[in-house]
Every structure is written in C-alpha cells, then in structure tokens.
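**Q** Here is what each chain is made of, one letter per residue.
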Amino acid sequence: MTIASRSLAPTVTRRAQARLGIVLVLPVMIVTALFFLFPLGNALYYSLVDFDGLNPNPPFVGFDNFIRMFTDSAVWHALGNNLIWIVVGTVSPMVIGLLVAMLLWTVRRGGAIYRVIFFLPYVLPGVAIGIVWGWIYDPVNGLLNQFLRAVGLGAWATGWLGEPDLALYAVLLTAIWAGTGFAVVIFLSALRNVDTELVDASRIDGANSAQRLWFIILPQIMPVFLMVLTLTLVGGFSVFDIIFIMTAGGPSNATEVLGTYAYDQAFVLNNIGYGTTLALLITILSVPIAVLLNRLQRRLSLQGTGA
Amino acid sequence: MMTAVAPDQRDLRITALADPESGTNLGPVPGPRRRPAQVALHVLLAAMAVFVLMPVILVISTTLKTPADVRVNPFGLFTSFSFENIVDAWTVGRFSDYVLNSFLLTVPSTAIVVVVSVMAGYAFARLPFRGRTFLFYLVILGLLVPFFTFMIPLYFQLRGMGLLDTLPGAILVLASTGTSFGTFFMRAFFSELPQELEQSARVDGASESQIFLRIMLPLVGSGIGALTVFTFLANWNNFLIPLLYLPSGDFRPLTAGLYMFTSGRSLDIGPLAAGTLITILPIIVLFIVLQRQVTQGFISGAVKG
Chain A
1 MTIASRSLAP
11 TVTRRAQARL
21 GIVLVLPVMI
31 VTALFFLFPL
41 GNALYYSLVD
51 FDGLNPNPPF
61 VGFDNFIRMF
71 TDSAVWHALG
81 NNLIWIVVGT
91 VSPMVIGLLV
101 AMLLWTVRRG
111 GAIYRVIFFL
121 PYVLPGVAIG
131 IVWGWIYDPV
141 NGLLNQFLRA
151 VGLGAWATGW
161 LGEPDLALYA
171 VLLTAIWAGT
181 GFAVVIFLSA
191 LRNVDTELVD
201 ASRIDGANSA
211 QRLWFIILPQ
221 IMPVFLMVLT
231 LTLVGGFSVF
241 DIIFIMTAGG
251 PSNATEVLGT
261 YAYDQAFVLN
271 NIGYGTTLAL
281 LITILSVPIA
291 VLLNRLQRRL
301 SLQGTGA
Chain B
1001 MMTAVAPDQR
1011 DLRITALADP
1021 ESGTNLGPVP
1031 GPRRRPAQVA
1041 LHVLLAAMAV
1051 FVLMPVILVI
1061 STTLKTPADV
1071 RVNPFGLFTS
1081 FSFENIVDAW
1091 TVGRFSDYVL
1101 NSFLLTVPST
1111 AIVVVVSVMA
1121 GYAFARLPFR
1131 GRTFLFYLVI
1141 LGLLVPFFTF
1151 MIPLYFQLRG
1161 MGLLDTLPGA
1171 ILVLASTGTS
1181 FGTFFMRAFF
1191 SELPQELEQS
1201 ARVDGASESQ
1211 IFLRIMLPLV
1221 GSGIGALTVF
1231 TFLANWNNFL
1241 IPLLYLPSGD
1251 FRPLTAGLYM
1261 FTSGRSLDIG
1271 PLAAGTLITI
1281 LPIIVLFIVL
1291 QRQVTQGFIS
1301 GAVKG
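Protein chains in written order, with the numbering used here: chain A, 1 to 307; chain B, 1001 to 1305.
Please keep in mind that the hints were generated in silico from the structure rather than gathered at the bench.
A virtual CB, placed ideally from N, CA and C, is assigned to each residue, including glycine.
Derived contacts from chain A toward chain B, CB cut-off under 7 angstroms, selection only: (1) 28; (2) 117; (3) 124; (4) 283.
Build out the structure end to end from the sequences listed, making use of the hints.
**A** Below, the structure is given as structure tokens:
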C-alpha cells in the first residue's frame, strides 16, 4: 500500500509528507537517542573499562570483564536459575493459561467476570505482589502454612522463602500467579477466532475432544501460542523485579539470577563495568531467541493458519 | 529497496486480537446447554477465582484489623475492624506524600508517551521519507533490550545532566520506557485507516497537517484510549526508576515508598498492609472501570514482538 501511494502521489505531496513526517518523528527520536541509544552505547563502553563510579577516566581493560564473566562460578549459578525460571515460568503459565482459556471458552455465562478476575494480578505492581506473597509464605502465621495445618499436612509447613532449596520455586509460583492471567486472556481471544465449522465437522467425523484440541484447535491458535511463548521466554532471561523484591537473590544466593547479580555488582559492590557486562549478557542471550521465535510466528501467520 | 510494507502485514492481526469480546464463536458447545457440566464448570472457575483473589483479600483483611489484632494474628481473615492502620500509613507512614508523588510522576510521563507516540506512529505509518524504516527499527529496538541493560550507565548520565533526583529527570526516563511500545502501537492503528480518506481530503485541498489532525487523529481514539490506560498502569507500577533515579526520597512514589517501608520497618504489618492497599486501590478501580481498554492494550501489546 505504501509503495503504491508513493508512486502515485505528486512530488509536491510527497515533499509535504516528508517534511511533516520528519517533524512528527523528531520528538521520539530525541527521547530514543537521549534515554536509550546513548546509555546503551555507554553500556558497551562500560563493559570495556574498570569503572568504580567515581573515577572520571576509568582504565581500559579490553575484554577482561567478559573473561571474568565466563570464569565466575556465580554467573553460571545465576544462569542456571534463569534456565529454571525460563522453563518452569514459561511452561506453567502457557499450560495453565490454555486450560483456563478453554474452560472460559466453554462457559455459557459469567465468562467476562472470571476473565477480569484472572487478569487482575497482571496489572498489580510487583512491589505489592511481593509483599503480600511474603506474608502468604510467612513461616509462622502465613496463609500457606495455616492451610497446610488445617488439611493435616502440618509437617510440610516451612519458611518457604528461607529454604535455599524451595525459595526459587516459591517466587516462581508467585510469578505464575501474577502472569497466567495474561496468557488466559490472549488464548481466549484467539480461541474466539477459531473456525467452529471445522471443529463441528471433526466432531461429526468422530474426533474425540483430545483429538479436536490437538488437530483442529491448537494449529489454529499456533501463531498466538508462539507469540506468548516469545514474550514469556524473553521475560525469563530479564527477570528482576519480583526476585529483587521477595528475596533479593537470597537466602545465600539461592535465588540469584543474572538480573539481581548484575544489580548487586553495580550498585552494592560498585563494580560498574562488570555489572554492566553482566546486564549486556542478558540482552545478548534474549534478543536472538526473540527474533527467531518472531520469524517462526510470522511464517505461520503468513501460511494462513489462523489468528 | 526495503520499505515498511512487510511489518504492516502483522499489524492486521491486531484488530482481530485487540477486542476481548470479538470473534465469531462463543465456544465449542453446540445446541442446548448441558446443565450439570455448566454447574461443575462454574464451581471449578469460582474456586480458581478465590485462589487468584486471595492475596487481595488478605491485604484488605489485614488493613482493616486493629493494631493489637495485627500483632497477635496478622493474617487471620477479618477478625477485627478499625481504620487505624490506614490513618497511620496515611500520616506517619507518609503515604499521603507518596500518592501525590505517584500522580506527579505518572500523569506527565503518560501524557508525554501518548503525544510523542501518536505523532511518531502517524509518521511511521503514513508519511514516507528517506530513512524512515531505519529510524523505525531504532525506536523498536527499545522493545527488545531489557531496561536494566542500560540502567547503570543511565544513572551516571542523569547525574552528569543534573537530572538525577529531580522530578523532570524521572518523568523523562519513565516516558522514554514507554515510547517504543507506544509508537509501535499507534503506528498499527494508523496503518489500518483506508487510503481513500487521505486522498479525498487532499483533493479537497487539505494540508498534510490538517489531514493528520482533523481527519486521521479522530479515527484512532480507541487506540489512544488503550495506550493511555496501559501507559498509566505501567508508569504507576514502575518502582525501579524512582528507586534508582530519585534516591533522596523527596519525590518518592507509592511503589518505591512501599519498598523502602518493607526494608525499614518490616514488623509494622498493619500500616504496611494499608500502604499496599493505598497503592493498589487506584489500579484496581481503574482496571475495573476500564477493563476493556486495559485488556485491549495488553493484548495488542503482545503482538509487538
């Protein structure tokens, strides 16, 4: 459409369009250059120097920060936690989200109310979520332990965020609680656009409900499925807020991820150069995955498989 | 020559996805409804709804307890009643200041995002000029790079510019985190408008800026509404930017205030619950009143990739 209009429009119009276009784009370019591209360029520079936050002319150290990163066992530990976070924190909301969306799709009345309730946690601030779930996990009075005692599982009651083996999964459960509503709403809107004639036809042909889901419904919502997958995967690499608020990487580094480790290095230990290098690693890891999944998603959409 | 035609194709999907009520079918069950199955379904969904709402119920319950009851039984549901915690948080806990600061940060930054994004979105969708695609990809890059990749250099940059610990500095940074998405979002809305509108206005002698302001702008009202609500929520909820770039605490908003409150006086559960309630109440009200726009904003936002 753009090409056609360009060749048809007279030169005067094209010039007027270009002039207004540049004027309208100017503010966003200033904001982008000043508060995104410039600090991003600085991040690359910081990764090549040993900056403590005070010295105006920090010594150039080449790739020392990168070498240090690959030999730092804490980085590998944090990366491992990121991987757990990505796998569990992606699979659970996707699976639960799809199941709940299917239920809401089937329900005849009141679906809108449930949708609002399930989506609510997604719009709440991370700080508030972290505080309240901290109470739920409280070792003495926490609702979770109260519940376990009430149903006779008192032996399982424990300090959920204080146990190194459990803390990461406790925070993950909170993140799943907060994030699943997003998947529900998106899957539901994709399901509403599924071709029901195909579903009915397959029912008449004798397909059971599992076969209908797998062969008829899922292929139609595949592009949306991949889209949610991309978002949660990329979010998994850059997870920071909820862990920072609930455990700050503790107890004894058990919940440390790349984000919290980079923050500690930069703002607590004043290793600005090294902290920035760690933050860059997260970008380097997540961007190719996002691009790859996006390509795949677009190819599926262009094939006309739905959504 | 590469043009911006290819990305246009994915924008078409936004309309189909944008409206949670849209879609051609209402579910897979045909014919007369099966009553017992529907009842079981409602029981299951209601149980899930209680689980989802439990943390919010807990905040309300603890807020409304008497301080004595909070000390003994902080999380037992609705065992006593008083407004003391709210009063305490509002006055001693400085949450009245935090509410004001939240508005002072959120309202201007949201306005900047909306205005800047509408302008840029229109240009990127409908006003071809040399280098447009390249500039668009520069803006969109902001969607892929996590904020904390450059939050550390940004700290020193703001200090150098004299914007650290100032309201304008924090507002500009908050606004900058929203413009990538806003530009992408508004561009999709402007791309969908028919070419004929623009051409007939031009034949009638309208200038390019008149076409933008009088013809096209009024047609994307729903997009502007969704972007406003979405950005307001995101900026209201942001806690890292005020925490890092407003270190003295003079302009501390609710989220950062709440965070500082937990690390400072973690045993004051009553006022903390009240502070949490004060923080989430505007969000919940906004969400319930405008839930369609909110959902639309988030769903369309997901198509950004």
